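Protein chains: 4
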Amino acid sequence: MAITKTIRPGLIQMRVTNLEESVAFYRDVLGLDVVGKTSDGRVMFKTFDEFDHHSVVLRAAPESGFDYVAFKVTDAETLEELKAATEAFGYPVDIASDEQPGYGKRYGFTLCTGHRIELYAEVDMAENIPMLLNPDPWIDPPRGMKAQRFDHLLLYGPNIGEAVRYFTEVLGMFYPEYCNTPDGKPFAYWLTGGNKAHDIAFVEYEKPNTIHHHAFYLEDWNAIGHAADLIGKHRVKRDVGPTRHAITRGQTIYFFEPSGNRIETYAGGYAAYPDNPKRQWTVDEIGRGLFYYEGELIPSFLEVVT
Amino acid sequence: MAITKTIRPGLIQMRVTNLEESVAFYRDVLGLDVVGKTSDGRVMFKTFDEFDHHSVVLRAAPESGFDYVAFKVTDAETLEELKAATEAFGYPVDIASDEQPGYGKRYGFTLCTGHRIELYAEVDMAENIPMLLNPDPWIDPPRGMKAQRFDHLLLYGPNIGEAVRYFTEVLGMFYPEYCNTPDGKPFAYWLTGGNKAHDIAFVEYEKPNTIHHHAFYLEDWNAIGHAADLIGKHRVKRDVGPTRHAITRGQTIYFFEPSGNRIETYAGGYAAYPDNPKRQWTVDEIGRGLFYYEGELIPSFLEVVT
Amino acid sequence: MAITKTIRPGLIQMRVTNLEESVAFYRDVLGLDVVGKTSDGRVMFKTFDEFDHHSVVLRAAPESGFDYVAFKVTDAETLEELKAATEAFGYPVDIASDEQPGYGKRYGFTLCTGHRIELYAEVDMAENIPMLLNPDPWIDPPRGMKAQRFDHLLLYGPNIGEAVRYFTEVLGMFYPEYCNTPDGKPFAYWLTGGNKAHDIAFVEYEKPNTIHHHAFYLEDWNAIGHAADLIGKHRVKRDVGPTRHAITRGQTIYFFEPSGNRIETYAGGYAAYPDNPKRQWTVDEIGRGLFYYEGELIPSFLEVVT
Amino acid sequence: MAITKTIRPGLIQMRVTNLEESVAFYRDVLGLDVVGKTSDGRVMFKTFDEFDHHSVVLRAAPESGFDYVAFKVTDAETLEELKAATEAFGYPVDIASDEQPGYGKRYGFTLCTGHRIELYAEVDMAENIPMLLNPDPWIDPPRGMKAQRFDHLLLYGPNIGEAVRYFTEVLGMFYPEYCNTPDGKPFAYWLTGGNKAHDIAFVEYEKPNTIHHHAFYLEDWNAIGHAADLIGKHRVKRDVGPTRHAITRGQTIYFFEPSGNRIETYAGGYAAYPDNPKRQWTVDEIGRGLFYYEGELIPSFLEVVT
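Chains as they are written, first to last, in our numbering: chain A, 3 to 308; chain B, 3 to 308; chain C, 3 to 308; chain D, 3 to 308.
Since the hints were made in silico from the structure, they are not lab data.
All values reported here derive from a predicted model rather than from experimental measurement.
There's no promise every hint is true.
Chain copies aren't distinguished; within one or between two, either way the pair holds.
As the list claims (entries may be wrong) - Straight line, CA to CA, 20 Å or less: simulated DMTMM-like cross-link-like pairs of lysine to aspartate or glutamate:
| hint | residue 1 | residue 2 |
| --- | --- | --- |
| 1 | K187 | E208 |
| 2 | K85 | D100 |
| 3 | K235 | D51 |
| 4 | K280 | D51 |
| 5 | K39 | E23 |
| 6 | K235 | D138 |
| 7 | K239 | E65 |
| 8 | K239 | E296 |
| 9 | K39 | D96 |
| 10 | K187 | E206 |
| 11 | K235 | D286 |
Generate the whole structure from the sequences, applying the supplied hints.
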C-alpha cells in the first residue's frame, strides 16, 4: 500500500426511533455482538471479527439517521497533525464530549456536507476478540447474516467536491472511482484509505447531513444469499439486491432496519491501489454502475435517505 | 491503512524446464493473458484484472524455480530512500540489467534467505487493461481458473528472522501472523504491506533460495471449486485442497504447473490491519493452521520446493 | 420414486420474432449447443448435458410465444395407453406432422388452457452427448450461463383445475405445491413426474395459450450469480432476481431473450416425493412464495406473458 | 420419471460404540433433530427437512457398523407384491420385530452381500415437519452442517452382481453408473429409484455386511465448504474432500463420526433418468471417478469400512 494516515472507519453512531427493535435486529439478524450500554442508554455493538471495543452505536432519537463516523488514525502524533491540518483546511475542530467507552480522545468537526466526522488514535481492545493463539477462523460459527466488519458508509450532502478534497488532501485517502455531472461537477465519489474498495463514499445532495447507508462486510456471494434468506425469513424490508455493483465490483443486498436506516451487506470488491488509474462513471450510466444486474437506477436508491 | 512504502509484489520471474507447456498452462488453465516475449525469449503474462505491463515472467531453464520477485514502491523518491535503507541494512544493491519491457529502473539485492528481491517505482500500463469508463467487471468473461491478480509468494530459506526484520524495518510491512519454534526462533512469518492478508511469507529452511509457491487470487470459494474442476479435467497434479487456511483464513488449492513449480489459487482472507494484535502459531499446531480441514500437515507441503 | 408414466418435458418449441438474435442468445448467453436446422428453418438446440437429439426449437414467427411442449413417456406401449387415456379424458389426439429430426411418433392435443401438449416415447440420441466411458463432468467447460437442462415451463391459461386433473389422472404426475383462491378455485399449481420440484406449472389466466417462462437448470446459487453477471455484461433485459422462490425453494433469475420470451435460470429446489404432504399457498402470500427476498409480487410477473 | 416401486431409502439404523458422543455429533455437527428414544435406548433422528417420523437410528453396540436400511415403497399393496417377489427371487422374508416408533409393518431379508434390507409402506409423519401453509424454506435456520435429508448409502460385500439384479428386477431401480472388472465382473454399482443420482451403491468386497458410508444431502458446494469449516472447528476426523465425484458429479466431503462410522455430506449430482445411457467406469480409472480433484484413489477409501 501507499502512505495513508487513516486506518479505517472504526466507529459509527446511528440514531434509531425504535431502539429495542433495532438492537434486536443488529444482534439477531445482522449477527453483531452487543458489547454493552453507555451510561445514557446507547447500545454498543461489534462484529465477531473485530478487535476494537465497539464499532457501532445506536442512540434512541425521535428521528432515525446519522450522528457521526470516526476514523482511526495511525498514532497519537498523527492525530494531532490531522487536527492541525483539519483546522488549516478550514474546519473548526472540537474534542468529542459524549462517552464512548474504551475510546481515547476523539477530535471532531463538521464537514461541508453537514456530517460530523471524528478522528481518534486510541481504543481499547474488546473483551471478546477473535482467537490469537492457534486461531480457528471463529470461536463459534457466526450468527445471523455473519457480518464480519463495519465496512463503509455512503453519505449524501452538498458540495461533495470539497469533502473529497478534505479526505484526499488531509486524510491521505484516494478515490478509485468517481462520477461527475456532464458539466464536470462531482456527483458521486468512492474513497478508501487502503486496499478495500471503499471506506466512505459521497453523493451530491441538496439536503445536508443525510446518510444513504452504512455497510457490513460478508464473506462472499453465498453469504449474500444467506443474508437474503434471512431477509425473507424475518420479513425484513428489502431495498435492492442481491445484485452486483459494477462500481467496486462488490456483491450486495440493501435493506432497512426496523427504525428505517438503510443497511448494506457487501462482499467482494476489488483490491484498490493508489497507483491504478481511476474508474470514471457518467451520470447516464451510473444506474448500471450501482446495480449491474438491474442495469438501471432503482428509484428508492436516490430518494430514501435518513 | 497505515504508513507503508510498498504497494504490492508486482512482478515475479520463474524458471521453467518446459517453457511451452508451462506457457500453455498459465494461459489456458490459470487463464492469464500472454503479453509478449522479451528479446531473449522469456514469456510475459498478466491477469485480466491487472493494470501494469506484466506481472509474471517465465524463463526457460534447466531447473525450475524462482528467479526474483519485485515490489512496486510508492514513487521514485521512495525508491531511492529504500535503496539507501537497504544498503544501510547491509545488503549491497545493484541495478537490474535484464530486460523487463515497460518497467523503469529496478534495484535488486540478495536477501539473507538467498532470494533476489527487487524494488521499482515505475512501470507502463498494459495495453489490455480493465475498462475505465463506465466499466463492466470484465471485458470478456475470465478464462480458465479466472486468476484475478498475482497475489503473494512463499519463500523457503535460512535465517528468516532477518528477512522479516528487513521487510518490516526497511519496507514498512507488518506481519499479521507468525510461528516461532518452541525455543523462540522464527519458523514461519506472513507479511503484508496493506490490507491483503499477505504479500509475501517465509518459512525457515536450510536450503537457500527455494520457493514453495506463488499464488493467484480468485473471487471466492466457488472459484476455488471451479479451479479444482479444471484440475480434474486437465489432469493437473494437485498438491492440497480445496481447503481453508486457518492462517489468513483464505480458501485454497495447491497444484503443480507442468515444469513442477507449485502454484496456489487463493480466495478470501481477512483484511489485515497493522493495529490489530498478531496471531501466533505453535509448531505443533501449524499443520492445522495451514490446512484447517485436514487438521494436519500434508507431508509434501514441507518437502517439495523448487 | 413412485409410479409415473412421464419421464420429463423433453422438447419445447418457441416462436421468436427475431430468429437470428434469439439463436445467438440461446447459443452464446444461455450456452446451448446448436444442433442444426429443420428443413423449414427452425433452429434446434440442446444443452451440453442432455442426451436426446434436441430439447429446444426456435421458430421464426410474427409474434413470440409458445408452440408446444412434448413429454417423453416410458415406452411405446405406455404412449399408446396415454393416447387412449387422453381421448377418454376428452381431448382429441392427433399425430404431429411437423418435422422434429430424430424424434419418433408424437401424439398431440390441445389442453383446456389452450396449449398444445405432445407425448412421445422415442427419440434418437444426439451426436454430442456427455461422456459415457470414465466420464469427466463435461467435455469442455460449459459456456455462457452453463444451462444444464431444459427444466420446466410455466403456462398461463383458463381452467387450470382441469389441466391439473389431466396431468395427475392421465399422466400420473403429482403437485407438491399449489395455490387456490379464497373461494377454493385453482390459481397456481406446480406439477412433477419425478423428484424434480416441478416439470410444469400452471397459473389461472383469462387469455388462453400464453406462456410465462420456460426454464433451464443451473448448478447452484453461484451459477445464478454468474448468469446475472452475464445479464449485466450483455445488457439483457432482466425481469426478477437473483432471488429465491419459497415455492420449490429454488434459486432463480428471470430475464427476456431478444424476442421477448421470458426465460428462467433455476437452481436447487427440493427433492419432490409423492408421499409428502402438499404445500399450500394463499393468494395473499403468493408474492412472497414466488419471490422470497422481495416479499411481494413483482407486477411484471403477472402481466407480461407471450 | 419412470415406473419404480420404491420411493426412497427412508430409514437407516447404525451401531455406535459411543452412543453419547455419536448422538451429540449427529445433533450438533450434522445438525439433525433428536426425535426421541426407543424403549430400549436407541436414539432416533430426522433432518429439519424430512416429513417422516425419523430417518436415522443409532444403537449402542460393542462394534460400530450397519444394522439395516429400509426402503419406503409406494403403498401397502406394492409392499405385499414386493414381499412375494423377494421370496421368489430367493430371499426368505421376515417381519421386523424391533420397535421403530411411527413405522408400520416392515418386511426384512438378508441380501447376498450380508446386509439386512427392509421394505415398508407406512410411517407416521413427524411432529416437527417443514411448514405446509405459505412455507418458509425452513422454520429456523438449519444448524450445524445443515443436513437436508438422509440421501444414500454405500455397502461393501460379496456378490454385488446379484444385489444389483435384486434392486433392478425386484425393486425396479436402475443404475446410471457402474464399474466392472477387466474380466467383466461387477465391481461397483450406483442405483437409484428416481431422479436422484443414487439411493444406494455397492462395491464388491470379500467381507460381508460392511458399510462404507451413509450420506446426507447438503444444499450446494458452499454448504460443503461450511461442513468442512465445522470439521476443522470440531476437530472431526476427515477422510477425503472437499472434492467432486466424477461419478454422479456430486460434491462431497467424507469424515468419521465419533464411533468410527464414515459419513458423507453430499451436494449436487445430476438428475438421473432411466432412459439415459449408462456411464461406465474401468477399474484403473475409478480412483479419478471417485475423487475427481485428487485424480486417484485415496487408500483409506477402500480399506476402512465398519
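Against the structure, the hints:
| no. | hint | verdict |
| --- | --- | --- |
| 1 | K187 <-> E208 | within (14 Å within a copy, 52 Å between copies) |
| 2 | K85 <-> D100 | within (18 Å within a copy, 47 Å between copies) |
| 3 | K235 <-> D51 | between (25 Å within a copy, 16 Å between copies) |
| 4 | K280 <-> D51 | between (31 Å within a copy, 14 Å between copies) |
| 5 | K39 <-> E23 | within (15 Å within a copy, 40 Å between copies) |
| 6 | K235 <-> D138 | between (29 Å within a copy, 7 Å between copies) |
| 7 | K239 <-> E65 | within (18 Å within a copy, 38 Å between copies) |
| 8 | K239 <-> E296 | both (19 Å within a copy, 8 Å between copies) |
| 9 | K39 <-> D96 | neither (24 Å within a copy, 59 Å between copies) |
| 10 | K187 <-> E206 | within (9 Å within a copy, 52 Å between copies) |
| 11 | K235 <-> D286 | between (36 Å within a copy, 17 Å between copies) |
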